[in-house]
Amino acid sequence: MPAGLKKPALGVFFRVPESGRVKKRLAAEIGETAALQAYDSMLSATMDKISGLTAIDIYGFYEGDAARLKELPFEISFIRQHGNDLGERMADAFALLFGKKHEKVTLIGSDSPDLPLSFITAAFESLDASDLVLGPSEDGGYYLIGMKKLIEGIFKGVKWGTEDALKHTIANADDAGINYSLLPEWYDIDDLESLKRWENLTLS
1 MPAGLKKPAL
11 GVFFRVPESG
21 RVKKRLAAEI
31 GETAALQAYD
41 SMLSATMDKI
51 SGLTAIDIYG
61 FYEGDAARLK
71 ELPFEISFIR
81 QHGNDLGERM
91 ADAFALLFGK
101 KHEKVTLIGS
111 DSPDLPLSFI
121 TAAFESLDAS
131 DLVLGPSEDG
141 GYYLIGMKKL
151 IEGIFKGVKW
161 GTEDALKHTI
171 ANADDAGINY
181 SLLPEWYDID
191 DLESLKRWEN
201 LTLS
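Residue numbering for the sequence shown follows this note's numbering, beginning at 1 and increasing consecutively.
Any given hint could turn out to be false.
[Stated by the list, open to error] The calculated SDA-like cross-link candidates involving lysine to any residue, where the alpha carbons are at most 20 Å apart (straight line), are:
#	residue 1	residue 2
1	Lys6	Gly52
2	Lys7	Phe119
3	Lys148	Ala129
4	Lys100	Arg89
5	Lys159	His82
6	Lys167	Ile178
[Claimed, not checked] Between beta-carbon pairs, the in silico distance windows are:
#	residue 1	residue 2	range
7	Lys159	Ala55	30 to 38 Å
8	Pro184	Leu150	22 to 30 Å
9	Asp175	Arg68	34 to 42 Å
10	Thr54	Lys24	28 to 36 Å
It is worth saying that the hints were derived from the structure and are not from the lab.
Here the structure is a predicted model, which is why all the values come from computation and not from measurement.
Yeah, the Cβ is synthetic: ideal placement off N, Cα and C, and Gly gets one too.
Please work from the sequences and hints to get the whole structure.
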């Protein structure tokens, strides 16, 4: 690790669990109460999993009611997300964590609770040789993004929530001459089908 830099950082993007404010697509299928329960389980599973990563610093970047953070059983530093869209919020998180002198920074969400830890460690390792790492999700977005310095314009023009989000981000990297790595594909939980997929894997 270069002198003056801290160990790597992992930021988890999440929404404070509140009925009617989480997993709206899923809620349309199973109801707000059941969707909230599912989201609670997903968030807890995500936080429990990454708690085993002792060689990195973990931060929770949240949206929602800060007063309810005290209800969450997670012993990490919480930071409010800032920005008008996901790209602005992620850029702000990267800038903040690089400002804290972390040598590498990776961001994930809470929509892939069974994401293998090996994918996260591989992301940090890939940043030894690459400037950018992306974890493609099956829906055309990505479940992880990591950098070793803030890449200006990497999120420019990205259409969030579409099947082209990953493609547009890679195009921005190519246009800027950025060396990037891709992790194995994984899936997000956004609807009843993907929720059942996770539940079946958990039970198997």
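Of all the hints numbered above, which does this structure not satisfy? Sort the numbers upward. none
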